[in-house]
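Participant: Protein sequences appear in the order of chains A and B.
45 is the number of the first residue of the first sequence in our numbering; add one for each residue after it.
16 is the number of the first residue of the second sequence in our numbering; add one for each residue after it.
Hint data in this document are derived by calculation from the structure and do not stem from the laboratory.
Some hints could be false.
Taking lysine-lysine and the DSSO-like style, the derived pairs with C-alpha atoms no more than 30 Å apart in a straight line are [stated by the list, open to error]:
(1) Lys372(B) / Lys392(B)
(2) Lys299(B) / Lys555(B)
(3) Lys289(A) / Lys601(B)
(4) Lys623(B) / Lys289(A)
(5) Lys281(A) / Lys171(B)
Taking beta-carbon pairs under 8 Å as the criterion, some of the chain B residues facing chain A (in silico) [as the list claims (entries may be wrong)]:
(6) Ile122
(7) Asn163
(8) Pro239
(9) Leu395
(10) Lys623
(11) Ser624
(12) Val625
(13) Ile628
(14) Ala629
(15) Ser653
(16) Glu656
(17) Arg658
(18) Gln659
All C-beta atoms in this analysis are idealised placements derived from N, C-alpha and C, irrespective of residue type, glycine included.
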Amino acid sequence: MQSLVRAILNQVNSVVIGKPQEVKLSIACLLAKGHILIEDLPGMGKTTLAQVLAKTLGLSYQRSQFTSDLLPADVIGVSIFNPDLKQFELHKGAIFNQLVLADEINRASPKTQSALLEAMEERQVSIDGTTHALPKPFFVIATQNPLFHSGTYPLPESQLDRFMMRISLGFPNLEAEKHILLNDFSTTFLADLNACISAEQLEAMQLEVNRVDASEAILEYIIALCQVSRDAETQAKPLSPRAGKALLNAAKAWAFMDQRHYVIPEDVQAVFEAVCLHRMELDSSGHYSQPSEGEKLGLAQVILNQVDVLNPFDVH
Amino acid sequence: MFSLPNHLAWFVLLSQIINIALVSAELSIWLLAVIVISLLWRVLIIANKLPKARRFMVILLAITGCAIIAINGRQLGLLSAMLHLLSLSYALKTLELNSRKDFYQFIVLGLFICAGAFLFQQSLGFSVMVALAVIINFAVLLQYFSINTPYHINVKQSTKMLLQSLPLAIVLFVVFPRLEPFWQVPMAKSATTGLSDNVAPGDIANLAKSNELAFRVNFIGDIPAYPQRYWRALVMDEYTGKQWQRSRDKKLSDWLDIRNNQSFSPTVSGPAFDYQVIAEPSFKRWLFALDVAKLSHENRSVSSINMRPDYSLQNKNIISKAISYDVSSFYTTAMDVNLNPLIRHRTLNYPKGSNPKLEQEGQRLKQAFKNPQAIIKNVLARFSEQAYYYTLKPPLLQNNSLDQFYFSTKAGFCAHYASAFTFLMRAAGIPARMVTGYMGGEYNPDGNYFSIYQSDAHAWSEVWLEGKGWQRIDPTAAVDPLRVEQGFSESLSAEQNSLNNEYFNLRSYKSFQLLNTLRLKLATIDYQWTLWVVGYSSKKQFDLLSSWFGRMTSWKTGLIMAISLIFVMFMLWYLQRHQRVKHKQKPWLNLYQQGLALLAKHNLHKNKSVAVIAFSDHVFTISDGVLPAFRALSRDFSELEYRQASPQRQKQLVLNMQQHIALLKTQLRHYKAVPNQTDRSV
Chain A
45 MQSLVRAILN
55 QVNSVVIGKP
65 QEVKLSIACL
75 LAKGHILIED
85 LPGMGKTTLA
95 QVLAKTLGLS
105 YQRSQFTSDL
115 LPADVIGVSI
125 FNPDLKQFEL
135 HKGAIFNQLV
145 LADEINRASP
155 KTQSALLEAM
165 EERQVSIDGT
175 THALPKPFFV
185 IATQNPLFHS
195 GTYPLPESQL
205 DRFMMRISLG
215 FPNLEAEKHI
225 LLNDFSTTFL
235 ADLNACISAE
245 QLEAMQLEVN
255 RVDASEAILE
265 YIIALCQVSR
275 DAETQAKPLS
285 PRAGKALLNA
295 AKAWAFMDQR
305 HYVIPEDVQA
315 VFEAVCLHRM
325 ELDSSGHYSQ
335 PSEGEKLGLA
345 QVILNQVDVL
355 NPFDVH
Chain B
16 MFSLPNHLAW
26 FVLLSQIINI
36 ALVSAELSIW
46 LLAVIVISLL
56 WRVLIIANKL
66 PKARRFMVIL
76 LAITGCAIIA
86 INGRQLGLLS
96 AMLHLLSLSY
106 ALKTLELNSR
116 KDFYQFIVLG
126 LFICAGAFLF
136 QQSLGFSVMV
146 ALAVIINFAV
156 LLQYFSINTP
166 YHINVKQSTK
176 MLLQSLPLAI
186 VLFVVFPRLE
196 PFWQVPMAKS
206 ATTGLSDNVA
216 PGDIANLAKS
226 NELAFRVNFI
236 GDIPAYPQRY
246 WRALVMDEYT
256 GKQWQRSRDK
266 KLSDWLDIRN
276 NQSFSPTVSG
286 PAFDYQVIAE
296 PSFKRWLFAL
306 DVAKLSHENR
316 SVSSINMRPD
326 YSLQNKNIIS
336 KAISYDVSSF
346 YTTAMDVNLN
356 PLIRHRTLNY
366 PKGSNPKLEQ
376 EGQRLKQAFK
386 NPQAIIKNVL
396 ARFSEQAYYY
406 TLKPPLLQNN
416 SLDQFYFSTK
426 AGFCAHYASA
436 FTFLMRAAGI
446 PARMVTGYMG
456 GEYNPDGNYF
466 SIYQSDAHAW
476 SEVWLEGKGW
486 QRIDPTAAVD
496 PLRVEQGFSE
506 SLSAEQNSLN
516 NEYFNLRSYK
526 SFQLLNTLRL
536 KLATIDYQWT
546 LWVVGYSSKK
556 QFDLLSSWFG
566 RMTSWKTGLI
576 MAISLIFVMF
586 MLWYLQRHQR
596 VKHKQKPWLN
606 LYQQGLALLA
616 KHNLHKNKSV
626 AVIAFSDHVF
636 TISDGVLPAF
646 RALSRDFSEL
656 EYRQASPQRQ
666 KQLVLNMQQH
676 IALLKTQLRH
686 YKAVPNQTDR
696 SV
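Next up, chain A with everything else stripped away, as it sits in the complex:
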């Protein structure tokens, strides 16, 4: 199974150049059955990453571009009356795929957003009173643009919480950028990629991830981190138990990818920012005060620094 993990990593890294950490995070997120929010500027490879992941994991995949006039029915599907058969026929939306790429999710109206996000949580949709289960496995990779907020509907905290991780790719380094400039990653190239694993294998891996040991000490460490975020002095939105659970699952996936059957604090630290930062960040609009310690160091790092690894509840 570990060889499969390596194969996946190799393939994704061969397309998304120079971002091994982010690639590993996104795969860990999928192994932990989490949805991913990729936040970055246009042209940084968000869509590429999503596409490569879908291909590599052998998942059925559909991309839908979110716009302000996109309706919930476009996402989840709609029943249309067929005059020939004299009955309603279900036209499934983009969501009936194993991997859904929701591009620029913050441009859609709140109604459409919430339709998607509800489906993400429930893993099923109701159309005209009939409940339809979504395929398994089911992932949503959403992207959003941090700048150019005019005409967007920022995701509320409750919906941000549905994404296990938020990942930013960031600019590539010099070598990677040279490589990107020289090579052509056209759609045809992506279409040529082979799936490394089957959906069944993926499910088996997810099961394996779930079996990774988390000792008392690790649970205490995670809880301590959450408690620090609840401390008013850190100026963060408090982390919920759901966040703690996401952190644990992500850390388990990370440990699994490092070929370990138990979680160590390094795993938690590695996924902490991706899992927790978007749940903790305060709305920065109209926030012109001097940058606090947290803003300089990074809020996630500030919180990590406050917890003693060996003795988590000894806060000071």
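Got chain A sorted already, so can you dock chain B onto it with the hints?
Facilitator: Same frame as chain A, but now just chain B:
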């Protein structure tokens, strides 16, 4: 870097001020000044007006303070010097709150101060104040651990905890052995008011200002009338020309008597008053009784009390806490019908030429009258017939001249009249001596006892008459009969109040019925407190246990104490049991911390938030791989801590870790620390 959040720093400061206030009455002015300076300094630091105190400045202050305490040590007395030292360190510790350890020490010092305050005062009101201070101290500690909780919640929590601990404290208080012989408070030299062992005319007026309690008396059976309640405390047989005192050689002999445990024990007969006296701590040795007192010897607590040959009672040690004893007073028994020639000589002696006019007057009286009774009658008649009057604000006498008082000013209070009278009797050849003590007392109907205050202090005279022994003569009675029949008259009370400089004193408002009732109620509560809590001696404990469990035998006592101890242990275990499981130090954590400590000696410090394997990788890199044992140690620790391994595996890994530690020690010998510290710590 450790630092208290600002709002907590203010709270800490408040608790400190409260603690210091509890003992401030016992501290010297200069120490209070040092404390105020360091507190002000602290205020400026908290307000960000000053940087943190430099180490050498604190040390300088500490050394100076210690030096001053050492110099004044003799004068302060051991106990007070210790309290000074404690308070000084407590005040300076605020300038040195650099780590959590310091903060803990600071809190502990504060609690010590609170406890120390009890050495000087134990009244109910004061105990309540100390309890409040303790609550504040613990609230500070709670606040430190829950920084965002509002203060009132923590104060409430702290109060709750104090109340929860109360039952345990009561059980321990009641049944735990009172180990008095093993531990004794060194004598406290406290600034208490009270009688002194010498008296000059004019002295007692100071006491008349004081509303402090001297002692309380609980009569069993008959209660003597006011004019009979002369509480003898001290007998003074030597006049120096300025003041009355106990003669020196007598002091020595008395001391020897007490050391040899030979109490003077007169034969007594006739009717008697029985009563119990509860004396307040006076930091003196004398005690109080009506004439002629006999200690009830069933009472074990009085074994430390002796009677002096002058019929006054005296304790072996200084009375530093309330003491109670049972006495019977045989009021018809004569004292010293046969006078010891040595005492006769002493009680006739006076410095010649100190008061020439009185001496002459004495000679004149001696010739004019045949028997001593007539002389006494004549002098008392002079006091009542001539323009002598009783006042607490007499004109000042030059050189304490009794002549001036007797012949010209003619105004004074008990000490003046008793002095002049005694002197005159000696000059007239009648053995006479000065007695000081208390007169009367106030009855408290709620508690059925008498309170005798310092303002009831009185002085009178005793003359020896052939066949009758020592007779009490109170010349004050001749001047102002009301004074000795009913206590202070209205006008004198007013005079007394004007002398009084306490702003609020319930006793001054005797005439308001409601206030008076309130005052008496409070006094009753305090009486019960003194009787049962402060005065809870091993004897009382014994009696109490006897009343519960029947006759106390030693095995029974032992059993009760063992059971109570087991009960307390059980309670502690019961309350602790959850925490104990949680905080059980895992052996591997211990070993790993040993490893970290070894590295720290070589300037390799682990930041608390750095995880184990990450740190070992870091150490591996910067030590160029010369410390592989640490890497192995970290790996094993990580597995033990984070993997649910089987017990056998755990045992094996712990053994491995021990070996790695040993190996690490040898490897570290070859490792040269790079002095640049910033690179070393992660």
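Participant: Which numbered hints turn out to be false for this structure?
Facilitator: The structure breaks hints 6, 8, 9; every other hint is satisfied.
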